[in-house]
Amino acid sequence: MKLPFIILALLQMHEITQIKEQTLIETACANTPNYDLCVATLRDFPSSADADVAGLGLILVGAVKSKAEAALSAVEELRRRHDPEMRKALDQCWISYKAVIAADVPEAVAALTKGVPKFAEFGMSDAAWEAEICEGSFGNEAAATPLSGVNKEVHDLAEVAVGVIRILL
Amino acid sequence: MATASPPAEIYDVEGAASYLPLPSSPTPPRPSKKLLPTILLSSFLLISLILLLLTSQTPPSQLKLKLNDAAADHTATPLSRGVSQGVSEKVFRQVNGNALTFPWNNVMLSWQRTAFHFQPEQNWMNDPNGPLLHKGWYHLFYQYNQESAVWGNITWGHAVSKDLIHWFHLPYAMVPDQWYDVNGVWTGSATILPDGQIIMLYTGDTTDAVQVQCLAYPANLSDPLLIDWVKSPSNPVLFPPPGIGSKDFRDPTTAWLSPGGDKWRITIGSKVNKTGISIVYETSDFIKYDLLDGYLHQVAGTGMWECIDFYPVSLTESNGLDTSVNGAGVKHVMKASMDDDRHDYYALGTYDPIGNKWTPDNPELDVGIGHRYDYGIFYASKTFYDQNKQRRILWGWISESDAEGLDLMKGWACVQSIPRTVVYDQKTGTDLLQWPVEELESLRGDSVEADVKVGPGSVVPVAIDSASQLDVEVSFELDEEAVEAAVPEVGAGYDCTTSGGAANRGVLGPFGILVLADDNLTESTPIYFYVAKGANGKTESHFCADELRSSQAPDVVKTVYGSSVPVVDGEKFTIRSLVDHSIVESFAQGGRRVITSRVYPTKAINGAARVFLFNNATGASITASLKMWKMGSADIRQFPL
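Residue numbers (the UniProt record's numbering), protein chains in the order written: chain L, 1 to 169; chain G, 1 to 641.
Only chain L is shown next, with the shape it has when bound in the complex (with noise of 0.2 angstroms):
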């Protein structure tokens, strides 16, 4: 009859540290912009819930380079269509996006892993400004852009992981 007990009690002790766990989640999203966005993001990733606020930010930033990756492939994909008018705002949207993915997210991942936070901080803030730009490089007539949907996730996850790196520093 003992071995239940023994089962349950460290069950038990699991539920408990996985409070714990959520629990980090939810604080570190809270200093974010779109709690929402943050939590479900991070819920996507089973190994969030073992991580410290460090590893949450690292799992933020590979979702960012994701995100950046895929509006890449727009952007190519568009390019494939030779359509003058968006010729210039696809080149700049090029640009902006591969720095996201050769400089930012190399910055942010290595000031994470290596204990200097604002560089992260400057990498993820500078990613959410590119698909800042790459939106605005289509002028400001139309209310949205054929990258809007894609631009705007990324803006808005990079903020996220912003916000989640400022509690390191």
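Heads up, a few of these hints could be off.
Said to hold, decoys possible - Here are some, though not all, of the chain G residues that point toward chain L, as calculated from beta-carbon distances under 10 angstroms: (1) Pro242; (2) Gly245; (3) Lys247; (4) Arg250; (5) Asp340.
It should be emphasised that the hints constitute simulated quantities derived from the structure, not laboratory data. Note that CB positions come from ideal geometry on N, CA and C, so glycine has one too.
Once you have looked at the hints, place chain G on chain L.
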């Protein structure tokens, strides 16, 4: 049930229905010998269920713990994060929707490189390291990424100069080739011992990303270029002490002598929760250290202190002091770089070496909350004592404020400030004065002078060609009668950062100069004073640098930097401004306030750049006396080895 993990799918935490149905009443105990264990079992199950429900229903507002301050910072004070590196400004920046993608071209981008500020030939640079003077050569080391125009893969770059202006690049002094610095050969400082030995202490980031302190020294002291460096076999010499985070322990200072004269002390910045602290070690050989009790100083709420600098200044003499000096007629400057707002703060105070305590003269102007060396972009700064000319000299890292995409196109990012002398401001007693080293004047070429009265709402061109490389000195006098007659301004008081810049007119200001301006003023960078009568009838002055119209491009930071500035009775309003392509360093009142700006004009470049005097006050004229020199290039290049 107790084994179930939280669901992986997205759900709305606050409005969630229970993940599991509420339990019915616990299993009633069976009358038997096993009554007690059964009750315990049931209780365990019940508690497990309740725990599960809690995890799915607790709203976030109950769980904010200690992060409220950080959250408040993020939403309530966005501007304060922004200006130093163009960081959070990017959230609130108005991307100019009118511009289609900006047609940056090679002419515009290559124009941005500076002519007389130190920068490597390409790639990324950050903190200045270990500045020193040895056998007639000034040395500068710096954080460098040999692979990209963004931070990462950090090595120690190295350059030498006879005059702090004309620099020669040398091979890397140190690379990340040991287990204790493989993740970064980070910032450090030099100490020159009385026998001439040079001690270099620096932070290494280990294979496990632990921050440790390491010792290095020149392989050959008789080499004036100090090309080769040796890392001590005793490294690391310091590990993070108990109570200090393994990622909160970096940037050792230059050492100073202990009171007994037989040991050396250094300080290293860190934090405990959100309190920035300065911890002190004592050593006789730079290999074994004793941690002194207590903190040299601490300030709550300021976060991690990076790049601490701790040095004496004379209250009566205009020369600098060796780092070990203390006694009558001396105050100590405590300086730190605040990790969370990216600004360098200093404070004046008194150092008690016996008690291991430094006390600020004015706690309201304490480290992290009071004076800044520079109200623009300026971080990770560090001084050294120039023993030949008896000066204390300050280096500061100037980052970019354009989007990363532009840095990658340019292939480089960041410059160092022009080295500045630092002395105590005897007139105010509460400030330091910074001034470009006099050797800079060797670059001065042709000059232009103007003495002119500028009426309210006027702009006066000052004729000079080649307005991208200038040394401008100008003084202004405000019409006395207008100052007398002016009524106090209502409201909370002027603040450069929220003022809207030089376009917003007051009775007694703004007035100043426009640099990197084109003929039509479609682009311009005003460097100006704003003067207002306060409620007590006295004038208050502010010194600002306005980037709002500095460029037509949307992918650069455009903000207003600045602060209030004391103007002592009898002083004119003075500005010295060093214009060097994409950097403008401006000094007010002899260096009592300094603002470094990064600007990226697209039109006001090369032959199209102009300088103007302007007076946008509504009710006062100014008399301006200006002299400006074209500046030659410092011709920074590889040392011919």
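Hints, verified against the model:
1. Interface hint at proline 242 of chain G: violated, since its Cβ lies 18 angstroms from the closest Cβ of chain L, which is beyond the 10 angstroms cut-off.
2. The interface hint given for glycine 245 of chain G holds, since its Cβ lies 8 angstroms from the closest Cβ of chain L, which is under the 10 angstroms cut-off.
3. About 3 angstroms separates the beta-carbon of lysine 247 of chain G from the nearest beta-carbon of chain L, less than 10 angstroms, and the hint is met.
4. Restraint check, arginine 250 of chain G versus chain L: the minimum CB separation of about 8 angstroms is within 10 angstroms; hint holds.
5. The interface hint given for aspartate 340 of chain G holds, since its Cβ lies 4 angstroms from the closest Cβ of chain L, which is under the 10 angstroms cut-off.
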